[in-house]
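Student: Given next are the chains, with one letter for each unit.
Protein chains: 2
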Amino acid sequence: MISVSEAEALIAEHMPARGSERVALARAAGRILRQPVRAETDLPPFDRVTMDGIAIRCSDPLPEHFTVAGEQMAGMAPGAAAPKDAGDCIVVATGAVLPVGCDSVIPVERTRREGDQVRLEPGYRPERGQFVHARGSDCVAGQEVLQPGVRLGPAQMAQLASHGYGQVEVAATPSIAFVGTGDELLAPEAPLREGSIRRSNDTAVAAALSLHGFDDLEVRHVADDPAAAGDLLGQLLDTRDVLILSGGVSMGQRDFVPGVLESLGVRCIFHRIAQRPGKPMWFGTGPRRQAVFALPGNPVSSLVCAVRYVRPALLEAQGMRPAPVVHACLKQPLTPHPQLARFVPVRLDHGLDGRSLAEPVPTNTSGDFTAIAHTDGFVQLAPGSTEVPAGSSLPLYGW
Amino acid sequence: MISVSEAEALIAEHMPARGSERVALARAAGRILRQPVRAETDLPPFDRVTMDGIAIRCSDPLPEHFTVAGEQMAGMAPGAAAPKDAGDCIVVATGAVLPVGCDSVIPVERTRREGDQVRLEPGYRPERGQFVHARGSDCVAGQEVLQPGVRLGPAQMAQLASHGYGQVEVAATPSIAFVGTGDELLAPEAPLREGSIRRSNDTAVAAALSLHGFDDLEVRHVADDPAAAGDLLGQLLDTRDVLILSGGVSMGQRDFVPGVLESLGVRCIFHRIAQRPGKPMWFGTGPRRQAVFALPGNPVSSLVCAVRYVRPALLEAQGMRPAPVVHACLKQPLTPHPQLARFVPVRLDHGLDGRSLAEPVPTNTSGDFTAIAHTDGFVQLAPGSTEVPAGSSLPLYGW
Chain A
12 MISVSEAEAL IAEHMPARGS ERVALARAAG RILRQPVRAE TDLPPFDRVT MDGIAIRCSD
72 PLPEHFTVAG EQMAGMAPGA AAPKDAGDCI VVATGAVLPV GCDSVIPVER TRREGDQVRL
132 EPGYRPERGQ FVHARGSDCV AGQEVLQPGV RLGPAQMAQL ASHGYGQVEV AATPSIAFVG
192 TGDELLAPEA PLREGSIRRS NDTAVAAALS LHGFDDLEVR HVADDPAAAG DLLGQLLDTR
252 DVLILSGGVS MGQRDFVPGV LESLGVRCIF HRIAQRPGKP MWFGTGPRRQ AVFALPGNPV
312 SSLVCAVRYV RPALLEAQGM RPAPVVHACL KQPLTPHPQL ARFVPVRLDH GLDGRSLAEP
372 VPTNTSGDFT AIAHTDGFVQ LAPGSTEVPA GSSLPLYGW
Chain B
12 MISVSEAEAL IAEHMPARGS ERVALARAAG RILRQPVRAE TDLPPFDRVT MDGIAIRCSD
72 PLPEHFTVAG EQMAGMAPGA AAPKDAGDCI VVATGAVLPV GCDSVIPVER TRREGDQVRL
132 EPGYRPERGQ FVHARGSDCV AGQEVLQPGV RLGPAQMAQL ASHGYGQVEV AATPSIAFVG
192 TGDELLAPEA PLREGSIRRS NDTAVAAALS LHGFDDLEVR HVADDPAAAG DLLGQLLDTR
252 DVLILSGGVS MGQRDFVPGV LESLGVRCIF HRIAQRPGKP MWFGTGPRRQ AVFALPGNPV
312 SSLVCAVRYV RPALLEAQGM RPAPVVHACL KQPLTPHPQL ARFVPVRLDH GLDGRSLAEP
372 VPTNTSGDFT AIAHTDGFVQ LAPGSTEVPA GSSLPLYGW
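Residue numbers (this note's numbering), protein chains in the order written: chain A, 12 to 410; chain B, 12 to 410.
Hints may contain errors.
For chains that are exact copies, the list does not tell them apart, and a pair is met inside one copy or across any two.
Below, a list of computed lysine to aspartate or glutamate pairs in the DMTMM-like style, where the Cα atoms sit at most 25 Å apart [stated by the list, open to error]:
1. 95 with 132
2. 290 with 132
3. 290 with 200
4. 290 with 120
5. 342 with 120
6. 290 with 127
7. 95 with 364
8. 342 with 180
9. 290 with 236
10. 342 with 364
11. 95 with 205
12. 342 with 360
13. 95 with 19
14. 290 with 138
No wet-lab data here; the hints were simulated from the structure.
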């Protein structure tokens with residue numbers, strides 16, 4: 012049995028890096044950037060007016076009044092208007108190029124205009140350079156403004172748009188298949204049958220992935236029949252980059268999944284991690300370097316393993332810079348297991364002092380997902396022999 | 012001018028509540044639940060075996076060995092096999108119904124089988140009831156397991172599947188149009204032109220919404236021409252539930268947006284909020300109770316207002332239970348504005364003690380989005396006259 016961090020390292024070592032693809036900017040939100048983004052021009056590309064009003068050249072003393080010598084509106088090419096002497100001003104709008112020969116802007120609220128004469132509010136003293144957003148003060152042409160590996164949120168999308176990236180290189184999305192096993196498992200829409208329960212791991216794992224952008228996901232189910240499972244898995248290994256299985260990886264007689272996978276040429280990288288829940292997890296790589304995650308079939312185990320291992324590995328294979336691990340403070344003490352890492356579902360509160368507070372929510376068994384519907388994620392508790400007191404902080408993983 | 016909390020309250024008061032729709036479970040991830048979800052059966056629906064092994068009836072002393080009297084595998088109807096006397100055991104698999112007459116399960120690893128005889132590991136003492144997940148111990152038939160208003164993440168999706176919800180009632184998604192204004196603004200793919208900059212507010216606001224599930228979003232742009240804008244806005248008011256505009260809401264001569272909206276029968280609920288950036292924000296409701304948000308045109312202002320007001324209002328109108336406000340601790344002091352709330356972009360760090368630490372990232376002006384591409388959100392600083400020291404915690408809003 013290996014440790015949680017050994018499992019993470021082995022998965023990272025064996026995940027094939029995903030390629031990239033070019034997509035239209037409008038389709039890039041949420042994707043992982045795979046190219047450096049450089050400023051196309053200085054930003055702003057010119058000394059940019061930031062208030063509606065008049066542009067002047069500051070002098071001491073200022074003229075008593077100014078004469079309007081033209082207009083420079085937003086979008087007009089530079090030089091649409093320029094002052095001819097120190098008593099001239101140019102009417103300007105937010106976003107306009109600062110007229111040549113001017114250095115400051117006086118907001119319209121501080122002025123009174125009569126015909127082509129503009130008077131300042133009595134006693135108003137402008138500062139030289141005011142309400143001018145200087146050329147290149149945000150960034151200069153050629154500067155790297157985004158590095159590969161970021162997830163494209165609103166602020167990054169704005170950068171791409173403003174630097175003229177109508178298309179952008181992002182990580183390709185893997186083609187994933189999820190295969191549930193288990194004769195006792197009925198589909199949500201099937202009639203109930205005594206001795207059976209409904210399957211939910213497919214729905215839960217698909218949601219955990221699709222909500223993070225992994226939407227090329229085929230969901231299948233096979234009975235506990237090695238031959239039928241072998242046929243299906245063989246087909247999926249031919250067509251998919253990633254296989255995620257659930258169930259059939261423990262030590263019982265129905266636990267045929269590792270054997271079937273190995274017979275299809277999938278090499279076992281590890282089987283069993285020193286953790287609870289999720290100890291029986293199996294990971295291997297196929298002949299074309301397909302990543303194959305075989306998760307335990309119990310609902311909590313399956314979801315915990317998907318969130319703790321599968322999702323981060325898929326994101327890392329896309330070139331995403333690893334997200335920092337968030338910690339949360341325990342509201343109640345927790346007892347570690349002597350040999351196994353524990354993953355304990357928690358409900359989060361947010362303290363007014365900026366702390367995340369984790370209330371452990373005991374599950375009845377690793378088959379109990381009623382309790383976890385009211386949790387936000389789980390904390391990871393290292394193996395140990397002494398109680399971890401309330402107030403301690405532990406790594407937190409959100410569902 | 013009204014305060015931030017007055018603006019929030021006015022928007023909430025005037026947002027029409029969204030209806031709901033029934034969708035297939037596979038399409039429900041990320042949506043807002045709009046019905047109570049009740050347990051279809053007890054869960055587990057039977058005393059459920061949680062380990063592969065043998066089922067027995069506990070007695071003291073235990074028989075020296077057991078005789079296999081049948082098998083109860085997962086998915087088999089109850090009563091597939093039952094012990095005839097105290098020395099009988101039934102071979103069972105994880106997920107099976109506990110055979111009638113048995114009360115405990117002994118894991119296969121603790122047994123040695125020869126023919127139909129099974130011996131326990133020497134000295135092994137089972138506890139009565141062990142490895143049995145008792146019927147109804149997770150929930151009982153009819154129990155409300157999910158309440159309306161939750162966002163359907165993986166754990167909630169698992170609940171729906173396991174209780175037989177092949178379809179589910181979720182909030183309808185509003186039909187949204189975003190309209191940018193500004194003659195100086197070029198599309199990302201347009202050739203550069205002197206005196207112009209590229210537009211990015213549409214891209215940023217669309218990402219801020221689509222990444223939270225608002226994907227029925229039409230993006231348009233109009234020049235600073237009240238007649239053309241009036242035509243377009245009139246059409247969009249006929250076809251869309253929500254309009255979001257950017258630009259043209261300040262006090263300048265090009266700031267025609269409020270006038271055009273009012274001429275189309277959109278009633279102004281407020282104009283200007285005591286905040287920086289984003290002071291000129293305008294909000295109104297149309298003749299069919301369409302919500303109309305007119306945001307300032309500067310990129311930082313526009314995105315801040317979308318995240319602080321528009322997105323939460325859209326979620327609340329869908330019936331989502333308000334998310335608790337998260338706080339973050341300042342790494343550096345901040346100076347409040349005497350009259351205006353300040354929204355200050357921050358980069359987040361996560362302390363090992365469970366605290367979120369916010370590093371303020373100064374922006375050059377409210378037109379400066381180069382800096383915000385490297386931030387995670389913003390903190391809200393109330394108006395005031397004394398410096399807020401490092402270590403203070405403030406409400407945090409993620410992009």
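Student: Now look at each hint and say whether the structure bears it out.
Tutor: Now for the hints, and whether the structure bears them out:
For the homomeric pair residue 95 and residue 132, the shortest alpha-carbon distance inside one copy (23 Å) is at most 25 Å, but the shortest distance between copies (103 Å) is not. For a Cα distance limit of 25 Å, the shortest separation of residue 290 from residue 132 across copies, 22 Å, qualifies, whereas the shortest one inside one copy, 76 Å, does not. For the identical chains of this complex, residue 290 and residue 200 are neighbours neither inside a copy (31 Å) nor across copies (52 Å), given an alpha-carbon limit of 25 Å. Taking the closest pair of Cα atoms, residue 290 and residue 120 come within 25 Å of each other only across two copies (15 Å); inside a single copy the shortest separation is 69 Å, beyond that limit.
Taking the closest pair of Cα atoms, residue 342 and residue 120 never come within 25 Å of each other, the shortest separation being 54 Å inside a single copy and 37 Å across copies. Taking the shortest alpha-carbon separations for residue 290 and residue 127, neither the intra-copy value of 82 Å nor the inter-copy value of 30 Å comes in at or below 25 Å. Taking identical chains as interchangeable, the C-alpha atoms of residue 95 and residue 364 are never at most 25 Å apart, the minima being 58 Å within one chain and 63 Å between chains. Taking CA atoms no more than 25 Å apart as the test, residue 342 paired with residue 180 passes in neither setting, with 44 Å inside one copy and 35 Å between copies.
For the identical chains of this complex, residue 290 and residue 236 are intra-copy neighbours only, at 23 Å inside a copy versus 65 Å across copies, given an alpha-carbon limit of 25 Å. For a Cα distance limit of 25 Å, the shortest separation of residue 342 from residue 364 qualifies both inside one copy, at 15 Å, and across copies, at 13 Å. Only between protomers do residue 95 and residue 205 lie at most 25 Å apart by alpha-carbon distance; the minimum there is 22 Å, versus 93 Å within a single protomer. In this assembly of identical chains, residue 342 and residue 360 lie within 25 Å of each other by CA distance both inside one copy and across copies; the values are 9 Å within and 22 Å between.
Taking CA atoms no more than 25 Å apart as the test, residue 95 paired with residue 19 passes in neither setting, with 70 Å inside one copy and 49 Å between copies. For a Cα distance limit of 25 Å, the shortest separation of residue 290 from residue 138 across copies, 22 Å, qualifies, whereas the shortest one inside one copy, 68 Å, does not.
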